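Those sequence lines, one after another, are chains A and B.
Mapped onto the working numbering, the consecutive letters of the first sequence carry residue numbers 1 to 440.
Mapped onto the working numbering, the consecutive letters of the second sequence carry residue numbers 1 to 157.
Treat the hints as calculated values from the structure; they're not laboratory data.
Since this is a predicted model, take the numbers as computed values, not measurements.
Glycine residues also receive a C-beta, built at the ideal position from the N, C-alpha and C atoms.
The reader is advised that the hints may include incorrect statements.
For each label pair, taking beta carbons as the anchor points, the in silico distance ranges come out as [as the list claims (entries may be wrong)]:
#, chain 1, residue 1, chain 2, residue 2, range
1, A, K32, B, V58, 35 to 41 Å
2, B, K116, A, E16, 19 to 25 Å
3, A, K20, B, E142, 41 to 47 Å
4, B, H108, A, R291, 46 to 52 Å
5, B, H108, A, F63, 23 to 29 Å
6, A, P7, B, L61, 16 to 22 Å
7, B, K148, A, D140, 38 to 44 Å
8, B, D147, A, K248, 20 to 26 Å
9, A, R360, B, L61, 27 to 33 Å
10, A, R291, B, D145, 26 to 32 Å
11, A, K125, B, K116, 46 to 52 Å
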Amino acid sequence: MEKIVLPDIPNFDKIEVYKKHGGFGAAKKAFKMTSDDVIDTVKKSGLRGRGGAAFSAGLKWSFMPKTTDKPKYLCINGDESEPGSFKDRQIFEYNPFQLIEGILITCYAIGAKSAYIYIRGEYHKWVKLMQEALETAYKDGFVGEKMKKTFGTDFSCEIYIHKGAGAYICGEESSLMNSLEGHRGYPRIKPPFPASKGLWGCPTTINNVETITNVPKIIEKGWEWFSKIGAEKHPGTILYGISGHVNKPGVYERPSGTLLLDLINNEAGGVIGNKKIKCVIPGGSSMPPLRGDQLEGIKMDADSLRAAGSAIGTAGIMVMDEDTNLLKVLLRISRFYHHESCGQCTPCREGTGWLEKTLRRLDSGNGTSADLDLLISVANNIEGNTICALGEAAAWPVKFMVDRFRDEFEKYVKTDVVIPVNNKVHSMRNTANPLANIKH
Amino acid sequence: MAFKFTEENTRRIDLARKKYPTALAAIMDTVWIAQEQNGYISDEVMTEIALILGIDKVQVLSVVTFYTMYFTKPMGKHHVQVCTNVSCMLRGGAEIYDEVSKSLGLEHLGVSTDGKFSLEEVECMGSCGTAPMIAVNEDYYENLDKDKALEIIKSLQ
């Protein structure tokens with residue numbers, strides 16, 4: 001199988017090697033097409049966003065207004081903060097020029113003159129690598145004013161790198177724009193959608209790093225070629241990041257629709273110690289977890305996973321073996337979302353705290369069966385009641401894990417109920433305890 | 001004491017400003033540069049950032065306090081970050097955190113009295129495939145176990 005995003009070519013991150021393998025040829029081809037044709041090609045290819053929502057990339061581009069007196073912007077989302085997701089850093093490190101070429105083509109298609117690559121703050125090393133690659137591309141005349149001469153076109157665009165500073169929420173597109181503008185990373189209410197009012201109130205498109213890295217190959221080889229790879233409705237390859245209790249964790253580029261068990265058992269070398277799988281989260285920690293005994297036949301593409309009761313997310317597959325304490329895992333997930341809630345919407349700000357507190361109570365051995373219902377009830381009250389999808393991200397793992405692993409969670413529940421009383425003196429007033437012998 | 005950017009850093013801030021149509025958008029870059037120079041973002045640093053970008057100080061404060069990677073107090077020379085999120089936790093990240101915490105005698109966001117070390121329990125750093133991991137300042141150390149993690153800490157002492 002041919003790899004699109006992370007090809008097995010040594011030193012592909014060097015511009016000479018990239019050029020030798022046809023690098024920047026796709027951009028040259030695209031600049032000879034009309035921008036509508038480029039959008040149409042990507043639309044027909046069926047390329048869907050790799051950042052979580054799996055929305056059609058070409059369709060997203062087509063929302064950009066054709067005529068406007070405002071500048072247009074492209075944002076590349078490289079915030080990659082979803083636990084279990086570690087694919088974009090591979091692109092920054094091993095294939096930065098294909099990303100840059102993808103950005104050039106996308107900018108041309110939507111008519112943007114500036115593009116920002118938003119990279120999470122923790123990725124110091126990858127910010128540097130990407131910055132170096134970008135400087136090389138500028139120097140060699142592939143970006144900026146000089147590209148007009150290189151490509152023999154009137155079109156030019158600038159690419160900038162923006163470094164985040166440690167906020168999960170900035171991976172949400174509207175929050176990313178606020179962060180880029182220099183505000184706190186609070187998500188914005190939609191509508192207006194970014195295509196009409198994005199960065200600085202101007203039309204903006206936001207795409208994931210992996211999505212854009214696919215674009216040059218689609219232009220080069222045509223949409224028919226791309227649309228035949230993998231699952232029919234979610235074509236192309238996907239970078240599957242497999243982590244947890246497997247022998248060979250890592251990022252594997254395989255066609256969409258690959259069997260989940262195939263990825264775990266063949267690519268990732270199976271579960272450590274040949275243990276059974278208890279639980280798999282197929283798309284990063286915010287996606288609904290699946291039971292280990294129900295993985296047979298599940299394919300890794302957006303539609304198959306939806307049918308199986310989960311979602312593709314960022315394709316970060318977390319594998320947990322039979323000895324895993326799911327309560328501790330869920331507590332850790334809930335702690336994360338409580339920490340990362342931006343605090344704008346009450347259901348999320350308060351609800352994520354409640355989830356964590358209730359799970360802590362269960363973990364300390366003081367939880368009751370009613371707490372399990374409470375968890376689901378709190379999760380249901382967060383979901384759908386917030387500005388951005390962090391609400392769902394916090395609610396789904398709790399809701400589905402408690403529901404799908406109820407038998408496991410019941411094990412952590414205490415059967416005899418002791419009501420904790422803070423005021424011991426008050427509670428013991430009518431007892432024989434001399435401490436309680438207090439006159440009022 | 002008043003804080004001033006070095007000449008080199010002032011030049012870098014000018015470059016950062018050129019990336020964006022507004023001065024406010026250069027704030028994250030500027031705070032990064034300030035933190036690099038000063039180690040943390042003090043009140044004086046915020047005053048200077050506001051002045052140099054021509055924005056209100058409250059805007060600087062609001063950004064600095066939103067992001068976890070900007071420090072408002074001095075941290076250790078070696079800022080040790082241990083990930084305990086799910087992928088790391090499944091492979092022993094939490095135990096590594098406990099061990100490192102014990103060996104440094106520090107709690108989450110604690111700083112040693114000699115200013116050499118600080119410790120932070122961090123959220124997912126994107127090293128799930130090479131878990132568990134710790135980061136010291138900007139460098140990642142991956143595929144660790146307890147002993148390897150303690151060895152790294154020891155080598156910094």
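We went through each hint and held it up to the structure:
1. Checking the proposed 35 to 41 Å range against A:K32 and B:V58 shows it is violated: the Cβ atoms sit about 50 Å from each other.
2. A hinted range of 19 to 25 Å is violated for the C-beta pair B:K116 and A:E16, which are about 44 Å apart.
3. Distance hint check: the CB atoms of A:K20 and B:E142 are about 31 Å apart, inconsistent with the given range 41 to 47 Å.
4. For B:H108 and A:R291, the Cβ-Cβ distance of about 34 Å falls outside the hinted range of 46 to 52 Å, so the restraint is violated.
5. B:H108 and A:F63 have their C-beta atoms about 44 Å apart, which leaves the hinted 23 to 29 Å range violated.
6. Hint check: A:P7 to B:L61, Cβ distance near 46 Å, so the stated range 16 to 22 Å is violated.
7. Take B:K148 and A:D140: their Cβ atoms lie about 40 Å apart, and the range 38 to 44 Å holds.
8. Checked against the given bound of 20 to 26 Å, the beta carbons of B:D147 and A:K248, roughly 22 Å apart, stay inside it.
9. A hinted range of 27 to 33 Å holds for the C-beta pair A:R360 and B:L61, which are about 32 Å apart.
10. Here the CB-CB span from A:R291 to B:D145 is close to 30 Å, well matched to the stated 26 to 32 Å.
11. The beta-carbon spacing between A:K125 and B:K116, approximately 23 Å, falls outside the hinted interval of 46 to 52 Å.
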